[in-house]
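Trainee: Below are the chains, spelled out letter by letter.
There are 2 protein chains.
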Amino acid sequence: MFKKILYPTDFSDVAAKALDYIKHLKEAGSQEVVILHVINQRTIDGLMRHAVSDSHIDTWLKTAKTVAQESLAEMGKELEALGFSVKTIIKTGFPWSEILNLEEQEAPSIIVIGSHGRSNIGEIFLGSVSERVIRRCKRPVMVIKREPAV
Amino acid sequence: MFKKILYPTDFSDVAAKALDYIKHLKEAGSQEVVILHVINQRTIDGLMRHAVSDSHIDTWLKTAKTVAQESLAEMGKELEALGFSVKTIIKTGFPWSEILNLEEQEAPSIIVIGSHGRSNIGEIFLGSVSERVIRRCKRPVMVIKREPAV
Numbered sequence: 017m018f019k020k021i022l023y024p025t026d027f028s029d030v031a032a033k034a035l036d037y038i039k040h041l042k043e044a045g046s047q048e049v050v051i052l053h054v055i056n057q058r059t060i061d062g063l064m065r066h067a068v069s070d071s072h073i074d075t076w077l078k079t080a081k082t083v084a085q086e087s088l089a090e091m092g093k094e095l096e097a098l099g100f101s102v103k104t105i106i107k108t109g110f111p112w113s114e115i116l117n118l119e120e121q122e123a124p125s126i127i128v129i130g131s132h133g134r135s136n137i138g139e140i141f142l143g144s145v146s147e148r149v150i151r152r153c154k155r156p157v158m159v160i161k162r163e164p165a166v
Numbered sequence: 017m018f019k020k021i022l023y024p025t026d027f028s029d030v031a032a033k034a035l036d037y038i039k040h041l042k043e044a045g046s047q048e049v050v051i052l053h054v055i056n057q058r059t060i061d062g063l064m065r066h067a068v069s070d071s072h073i074d075t076w077l078k079t080a081k082t083v084a085q086e087s088l089a090e091m092g093k094e095l096e097a098l099g100f101s102v103k104t105i106i107k108t109g110f111p112w113s114e115i116l117n118l119e120e121q122e123a124p125s126i127i128v129i130g131s132h133g134r135s136n137i138g139e140i141f142l143g144s145v146s147e148r149v150i151r152r153c154k155r156p157v158m159v160i161k162r163e164p165a166v
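So the sequences go chain by chain: A and B. Take 17 as the starting number for the first sequence in the numbering used here and just add one per residue. Take 17 as the starting number for the second sequence in the numbering used here and just add one per residue.
Hints should not be assumed to be uniformly reliable.
For chains that are exact copies, the list does not tell them apart, and a pair is met inside one copy or across any two.
[Unchecked claim] In silico DSSO-like cross-links for lysine-lysine, where the CA-CA straight-line distance does not exceed 27 Å:
#1 K154 <-> K33
#2 K103 <-> K78
#3 K20 <-> K33
#4 K33 <-> K81
#5 K78 <-> K107
#6 K33 <-> K107
It is worth saying that the hints were derived from the structure and are not from the lab.
Isolated chain A, as found in the complex:
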């Protein structure tokens, strides 16, 4: 039931918190983690709108990919040390859409995702990426919120 996990990360604190939950699913039979990082198309569009030159955008994109690759490799090593098999994937696009595409391709047992919610007078809002994923994904999804320290 938890055999193959799809774990999208934006390298945020709440994504790191989600990774801790994944580690604890090992005992419940998890074997494989597909780690996905999406370089946000919106950022690239933003750079273009601000008339950043193509060659600068190219450089930025290459750097972003290199940094992401290093971070994913690091996470992968950590998970492999715990006995997981790991696949790391970097995409460029809209995160929610790339996550759902990968759900179709990889058919994970479950998606584990951090949610950038903000609290506001007793309510905690979901982040827009996690909200879209939760709404549209077909498989079980575990949502880890920023608060509280449980």
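Given chain A's structure and the hints, the job is docking chain B onto it.
Mentor: Okay, now just chain B, sitting in the frame of chain A:
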């Protein structure tokens, strides 16, 4: 991280599916399950609007509670046989609101909930109860959808 689970059930198929996930969390350190069933205030309001007499509503409510108690006891036994400690709770009210109240009171490690989604041209909508719970809960939540057979 999965020590204490809050499990709201409306006795539906998708809630039963969520229970299967809970059983598999035992290996990941789950110890306690709080099972909650909420008798929906909306149903009672509906009976009242249709001019059902108070004594009939009382009888209906008593029966609903008895049936719910039996079902929860049955689930409790199943979970206890697997080594969980179990608490069963029946409330009358609005399900999403009672679930969130109990989250505050019981401070579970995670909420595991089934979602009555319906698919519609490639989109799967969340049920209204699970959507409200996911939006407003503070703790991690695992959402089990009706589809697909994973």
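Trainee: Work down the list of hints and note, for each, if the structure agrees.
Mentor: Hints, one by one, checked against the model:
1. K154 <-> K33: both (23 Å within a copy, 14 Å between copies)
2. K103 <-> K78: within (20 Å within a copy, 54 Å between copies)
3. K20 <-> K33: both (18 Å within a copy, 18 Å between copies)
4. K33 <-> K81: Result: close within a single copy only, 22 Å intra versus 39 Å inter.
5. K78 <-> K107: within (12 Å within a copy, 56 Å between copies)
6. K33 <-> K107: within (22 Å within a copy, 33 Å between copies)
Checked against the numbered hints given earlier, this structure breaks none of them.
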